[in-house]
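Starting from the given sequences, assemble the full structure and let the hints guide the process.
2 protein chains.
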Amino acid sequence: MDYILRVNMTDLSVKKENVPDKYASLGGRGLTSHLVLDEVDPLANPIGPNNKLVFAPGLLGATSAPTSGRMSVGGKSPLTGGIKEANAGGQAGQYLSRLRVKAIILEGAATAGKMYKLVLSKDQATLKEANDLMGLANYDTVAKLTAQYGEKSAYITIGQAGEMLLKAASIAVTDQENRPTRHAGRGGLGAVMGSKGLKAIVVDPTGTDRADLADPEAFKTAQRKFLDTLNKHPVTSSGLPTYGTNVLTNILNEAGGLPTRNFSSGRFEHAEAISGEKFHEIITARGGKPTHGCHSGCTIRCSGVYLDKDGHYLTKEPEYETVWANGANCGISDPDAIAMLDRLYDDIGLDTIELGNSLAVAMDGGLLPFGDAEGAIKLIKEVGQGTVLGKVLGSGAAVTGAVFGVKRIPVTKGQALPAYDPRAVKGIGVTYATSTMGGDHTAGYATTANILSVGGSVNPLKPEGQVELSRNLQIATAALDSTGLCLFTAFPILDMPEAFEAVYEMINAKYGLTLTGNDVVELGKTILRAERKFNELAGFSKQHDRLPEFFKTDPLPPHNTVFDVPDSELDTVFNF
Amino acid sequence: MDYILRVNMTDLSVKKENVPDKYASLGGRGLTSHLVLDEVDPLANPIGPNNKLVFAPGLLGATSAPTSGRMSVGGKSPLTGGIKEANAGGQAGQYLSRLRVKAIILEGAATAGKMYKLVLSKDQATLKEANDLMGLANYDTVAKLTAQYGEKSAYITIGQAGEMLLKAASIAVTDQENRPTRHAGRGGLGAVMGSKGLKAIVVDPTGTDRADLADPEAFKTAQRKFLDTLNKHPVTSSGLPTYGTNVLTNILNEAGGLPTRNFSSGRFEHAEAISGEKFHEIITARGGKPTHGCHSGCTIRCSGVYLDKDGHYLTKEPEYETVWANGANCGISDPDAIAMLDRLYDDIGLDTIELGNSLAVAMDGGLLPFGDAEGAIKLIKEVGQGTVLGKVLGSGAAVTGAVFGVKRIPVTKGQALPAYDPRAVKGIGVTYATSTMGGDHTAGYATTANILSVGGSVNPLKPEGQVELSRNLQIATAALDSTGLCLFTAFPILDMPEAFEAVYEMINAKYGLTLTGNDVVELGKTILRAERKFNELAGFSKQHDRLPEFFKTDPLPPHNTVFDVPDSELDTVFNF
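Protein sequences appear in the order of chains A and B.
Per my numbering, the first sequence runs over residues 1 to 576.
Per my numbering, the second sequence runs over residues 1 to 576.
Please note that the accuracy of each hint is not assured.
Since the list gives no way to pick out one identical chain from another, each pair is judged satisfied if it fits inside one copy or across any two copies.
No more than 25 Å apart at the CA atoms, straight line, and that leaves these computed lysine-lysine pairs for DSS-like [as the list claims (entries may be wrong)]:
1. K16 <-> K152
2. K114 <-> K144
3. K552 <-> K533
4. K114 <-> K407
5. K278 <-> K16
It should be emphasised that the hints constitute simulated quantities derived from the structure, not laboratory data.
See the structure below:
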């Protein structure tokens, strides 16, 4: 039987609870968002004892469904002040599902100055003192935990950023090689974990089984059908496995939508030097892995392993968002510097998108020149060291911009924007503006139809059609984020009806349900409504569904367009 | 004829405009708030070219009405993101009225890296290049300007904080001795002035006359009646002149409402050492002035002149809010240290309330110990020097708290709270929560009936009656802030019907109007409605009319009360 694990950091109690009926058909983001709405006061201090942090694997967890091991982490965001779901790969999601953990609800707060770890296995769910891990970065934390709990466990940890309660702190999840390279990155949930005094969760799957299936044959059929679509669609079968997500650098640069030097241009003259093609070449030449899955069961394998010049492991293959935020957006064109920043973010426990924006905003404010790779690395090391400047950057782009008196601060709802300029990719601009999550590309990835001709085609430079595009994607994504499936399965889902069918057929076969496509859409809507409700109660109004002023006033080269989707249209995104 | 001066910093034009009819009967805050609502996009970047900064003397400017020289400065606040009126003493308000300037509207923004001054006299209204003033603190700026424009002009200037666009930057106004000690302090309007590239306004009253009066005899009668009430009421005739505003330290400490060590207690064990009585003793012993008016025509004279140990001028007599913010709230009990901080704030151009809170929050976050006066002075010097830490503190308590991961951050709508703990002075808690200005005591100074038994008496520790008290005071204050009269005239106005009568009788006699008491109340309501409208369009909802969570959860010693005015009652404050 699946259960909810309620961990109270104030009295250090750990309780198994039955899953209330209303949560039975929810998983991942659907579950975290509903639990946060139901249990967290929207006006609670995000780093106070009344916020909660919820970990939930997806509905298809612990099955053979490809890429089904993603995990949602939810809570009230210290960065946005609204609801947050941050989604991570790595091994922990699957292992939690194998342990039959439907969700972990972390609540209360430990006595200041004390740190704990939560140890989960088939036989125990125990909080243990972990002051020995205090102040450690993620790699060292995981090394120490692995020595004690073994290579076969997964580890969910925070680095120094989470302990310092920084608004851009992430939560790290170990990958198949026990490296803390997979992060619930956005919105500062690492600070929530830190505020509660929890340094780590150990998830030991020893002796556990895959999920029980109501109809094993039907599941197998649906699973194969789904796998077929992943193997057929060009993005999931070829583009992503070969060049990783960073296949996008050249594409976005060509489209004039690659935000460069703090969103002052849509083209970076050194894009080629940091492209996926270039990274592929470097990784291959040094004997790294150009293709690698972020968790077992992944068939897309968009990641890789990046070795340094001497052939030693440095970090995972940096994602497109990382390459952009710390490359083009900082005017940096050195792949090794970007890879080093990626390593530092994973180690200190920081959101790579937010910190790349912090750097770019600080550069715009004159702290260091655009393109200063060495300076950027030095600054990010300062975050781990806890210098004042490091803490400023680790507080995100909005705080950094305030401190340095910067006029161009690319954030919505306090969260920094990802790698697509909303003036040249207007569908994603609608998502940035209206998402319950703040500036977030994954919440409604309109780059599909705007740039990639996936799921149709909508001119990225015109305002027409963007709201409908973003709306449909936001609904679909909310549902998909509940399954545990990787967001990249959306490529076949958007283009191939049988891929979408296979998703709910797998869920039906696992749980003995009779969901239809409409039910899945309805699930997405229900989740968005819950998130909007929380945000409304936290004080968000339609004026928060807007991009910063400069996107409307400053034309973006090379197309010299501004963001011109009318406010009145933005206000219709959630009319469903 | 009164006129509006429109100063465009983009094209460096200065235009005199007729006063539109709708603004004819408005002055001070009524005029700044209506102009901001009418002319500023509520979603404009506060430090971008589309924000405007409005200076407006009050309706009774350039008359013999006592204390009538106050000036309102309005705009969209970089600190709160909402509308802002900051009110300053000093000579400039009267001189602007004598020049017949109804309002200055500063708009656009100069080319980055250039600074200007606006020179106003009977014969000119000219923008002049002022790069020679760049980087100067207020005292040096004024010294340089005085050398050129004379002792008889008034100067409105910004220090380094405004140039650095810091969210807690103030706008300084010179007093009768040409010292930049009077500030439009709150909400970061100094950063707005800095963002436009305006370093100073020179206001030369040479050759100007007092305002024309429609009925000089009636004015004289009303003026004498008003003066009588000021001379009779114990607060304005004795308490304030003798000990200054700091007469409140002992009173609030006794009441258990003096926020101590970042709002962790309502009593400070060293209150006596920083009391008004003690400052009076020090000032008198050193040969300073224990009584001094912030502008000519002031009969209350609540200020003074503070000399250092060697008998040299250091600063004005620090106000109660300064003494509290940098004294009790920082655990500091050294009057000389507080006076030095006051001097530094005036010089760098910083809001003393906001910065005292920045310091206290930083102390709570472990940056330095509570009570470290020398450390505090060093830190505030860093703001002027533009170090990263200095910029953090100069960005206000909310940013400082974010950077240092502090859980107890006493701000509403982003603005730090003044010197009355809302758990022990609940009427002012209602004002903090609901004011259009963010945390602001002057917006509805319920300390009157809560603590001072002025204008009735309402138990400060109970939730009952606080909403009505705050509502009435907020309405009255909005009207009073439009007259140019000092807020302290409210003491007789609240207690003596003839004082209130005299106010509108003076206005009637000046303008040939027939206003009644009801009209004045209606004016207050109209102003609040305009401000609420702007804030609503800027994204504020009822959830922003709340105090931070800890005031509701953490009891305050010694009364061990929490803030318990129900949210539903807070939502009725503006039901009028």
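Okay, the hints, checked on the actual structure:
1. K16 <-> K152: within (24 Å within a copy, 77 Å between copies)
2. K114 <-> K144: Answer is within; shortest intra-copy Cα gap is 18 Å, inter-copy 56 Å.
3. K552 <-> K533: between (28 Å within a copy, 23 Å between copies)
4. K114 <-> K407: between (40 Å within a copy, 16 Å between copies)
5. K278 <-> K16: neither (49 Å within a copy, 61 Å between copies)
Consistency note: the structure conflicts with earlier hint 5 alone.
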